[in-house]
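Protein chains in written order, with the numbering used here: chain A, 1 to 349; chain B, 1 to 252.
Take these hints with a grain of salt, some might be off.
For each label pair, taking beta carbons as the anchor points, the in silico distance ranges come out as [said to hold, decoys possible]:
| no. | chain 1 | residue 1 | chain 2 | residue 2 | range |
| --- | --- | --- | --- | --- | --- |
| 1 | B | A43 | A | R155 | 15 to 23 Å |
| 2 | B | P110 | A | A232 | 34 to 42 Å |
| 3 | A | P280 | B | A43 | 20 to 28 Å |
| 4 | A | D249 | B | R6 | 36 to 44 Å |
| 5 | B | D227 | A | E245 | 49 to 57 Å |
| 6 | A | D79 | B | D227 | 35 to 43 Å |
| 7 | A | G23 | B | A234 | 50 to 58 Å |
| 8 | B | E241 | A | I42 | 56 to 64 Å |
| 9 | B | D45 | A | D79 | 54 to 62 Å |
| 10 | B | Q240 | A | R155 | 35 to 43 Å |
| 11 | A | K327 | B | E228 | 55 to 63 Å |
Sample of chain B residues lacking proximity to chain A, with all beta carbon distances greater than 12 Å (derived) [unchecked claim]:
| no. | residue |
| --- | --- |
| 12 | M52 |
| 13 | D72 |
| 14 | P110 |
| 15 | Q173 |
| 16 | W211 |
| 17 | D213 |
To be clear, the hints were calculated from the coordinates, so they are not data collected in a lab.
No residue lacks a Cβ here, since even glycine has one placed at the ideal position from N, Cα and C.
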Amino acid sequence: MSTLFELELPPELSAKEPLERRGLLRDQVRLLVVSRWTGKVIHSHFVRLSDFLARGDLLVFNSSRTLPASLTGWIGSDDFRVEVRLAEHLSDDAWLALLLFRAGDRSQTRLRPGLIIDFGQGLQAQVEGSDSTNRRLWKIRFSKCGTELLDLIYRLGQPIRYEYAAAPWDIDCYQNVYSTEPGSAEMPSAGRAFTWKTLLQLQRHGVRIATLTLHTGLSSYMDDELDREHPASEEEYFISQETAEQIRDAHQTGRRVIAVGTTVVRALESAAERSGFVEPGHRYTRLTINAGYPLRVTNGLLTGLHEPAASHLDLLSAFIPAEKLRKAYEEAVRKRYLWHEFGDLNLVV
Amino acid sequence: MNRLNRKKILITGASQGLGRQLALDFAREGAAALALCARHSQALDKVRDEVMVVAPDIKVVLIEADLSRPLDIERLFAIALHEFHGRLDVLVNNASMLGPSPMPYLLDYPLAEFQAVLNANLIGPFLAIRKALPAMIEHGGSIINVTSDAGIVGYAGWGAYGISKFGLEGMSQTWAAELEESKVRVNWVDPGSMNTAMHRAAEPDEDPSQWADPAEVTEVFIYLASDESEGVTARRFQAQEFTPRAGRMPKH
């Protein structure tokens, strides 16, 4: 799959630290507002989000909690160190994971089914085989399951961090204030800027709020070539009867449904694929959304700023023509907006 | 017997004393699920066995966590909300530590011990409430903080413990004010003197038989955890003076 458009993204535009670690609040990021229809760009601030929302608009959040999904393990008697990044919890209770070795380490080539990875504290995993659809992922099965495994993941794991993070920020920096059930490999970061104060103010303004759960996979497989191909990943999601009804009600009364994050778009559009209406339930999705995809549920999107190669950008092109998006992004670079999970936000309505 | 029908409840400090008794009484009142947290899991195993005797169908989740450590609190709520499918109805912030026994005067209080008590008794509940709210905000919930007489009167020799409870009472008021528009209620309860390991350590020269059994003080907690107390928030209760009638708000 080709890149939607080329964009020179200077490295200093990667947000390196969470605002709350600079004595500010999460909600003090900037907001780039882009009209889906005209491409018109307005530069604002996230705390003014309600200026761009109407009474009755329904904001849908992904309440999935971020796991400390990076585990350090050792293989065999030679003690090869491996970083295991959990990507997806499979329905048969195994996991898909990215296994990363230190640069130059030849252990990568020795990976084979049957290998045992030892994490300490009594936790091990057996490598069952490579994934059939994504060449960088391996299927592994832990020696523990359920609550006991979750407990050990929390005791042993670290949040997945990328090279632009200025310090090993703790898991709270990678958690949305409204998150509940754990399961995401990486933070659904479009919601990171929301504080309780903003949420309560929006409700006072008449904006309605609904939640769903989609456990996110990895945003990068640490392989530029593969990342550019945007391999379709499978993600687990859950939509309650209540949320499905709120969405139906919004549509029937002509109000907008605005997704907080691309994960919410994916969950809602997946749940509506069969009947055109959001069907509640617990399912897995492999849906790919890109330019020309007929959005059935979502009318708008609040999201971060994405790298040109990211699959999220393809998803944005279902909301707004690529050319208009390119112009908005070029302006965001000129105006020094910040990218990635600790960065500024983009509202497309 | 079913005043807590379908409620999902998290109790900190549940391995002994008041926390253990609350687990038993909440189970008797029909709670659907209990997440019980303490620093040592062996004692929790025993409480679970006792709970299962009074309520064989209840779901019980045991979580070993030290509430003076923020990462433990994140782990505690991740596990509880995983088990409870993202929903929590009641949080009882019961865990607290006394500090050194016998309790030193403030002038003699070791700084590290002072900080440890404030961490466990004040910062712990602060973080626990933050992490409980997402699971309560949609459907409503009840937060009950356990305080003490030493949280409104500065007794000589009650050192960090009393100060932490003053903090907890102030914090409870602030939370209640901030959550006024929501369906989440915040109240705090002074259980009074009870014959527990903590109270015996606080006043080792006193005769513990004069103090209440924890089983005698749980009525107000059941009331606050149940829907009977709907609309009741920002109030301080004294468990040993509580009668259900007195607790109810006048009907309009």
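Now the hints, each set against the structure:
Checked against the given bound of 15 to 23 Å, the beta carbons of B:A43 and A:R155, roughly 20 Å apart, stay inside it. At about 59 Å, the beta-carbon gap between B:P110 and A:A232 misses the expected band of 34 to 42 Å. Checked against the hint of 20 to 28 Å, the C-beta distance between A:P280 and B:A43 comes to roughly 41 Å, which is inconsistent with it. Distance hint check: the CB atoms of A:D249 and B:R6 are about 25 Å apart, inconsistent with the given range 36 to 44 Å.
At about 23 Å, the CB distance of B:D227 to A:E245 disagrees with the hint of 49 to 57 Å. A C-beta distance of roughly 57 Å is found between A:D79 and B:D227, which places it outside the suggested range of 35 to 43 Å. In this structure, A:G23 and B:A234 break the distance hint of 50 to 58 Å, their C-beta atoms being roughly 30 Å apart. Taking 56 to 64 Å as the suggested C-beta distance range, the pair B:E241 and A:I42 conforms, at roughly 59 Å.
Take B:D45 and A:D79: their Cβ atoms lie about 35 Å apart, and the range 54 to 62 Å is violated. Restraint check, B:Q240 to A:R155: a C-beta distance of roughly 40 Å satisfies the suggested window 35 to 43 Å. In this structure the supplied range 55 to 63 Å holds for A:K327 paired with B:E228, their Cβ-Cβ distance being about 59 Å. Listed as outside the interface, B:M52 is consistent with that label: its C-beta sits roughly 17 Å from the nearest C-beta of chain A, beyond the 12 Å cut-off.
Its beta-carbon lying about 9 Å from the closest one in chain A, B:D72 breaks the requirement of being farther than 12 Å from that chain. Once the 12 Å rule is applied to beta carbons, B:P110 is consistent with being away from chain A; the minimum gap is 28 Å. The claim that B:Q173 is not at the interface with chain A holds, since no C-beta of that chain comes within 12 Å of its own (minimum 17 Å). Against the 12 Å criterion, B:W211 stays outside the reach of chain A, whose nearest CB is about 36 Å from its own CB.
No beta-carbon of chain A comes within 12 Å of the beta-carbon of B:D213; the shortest separation is about 32 Å.
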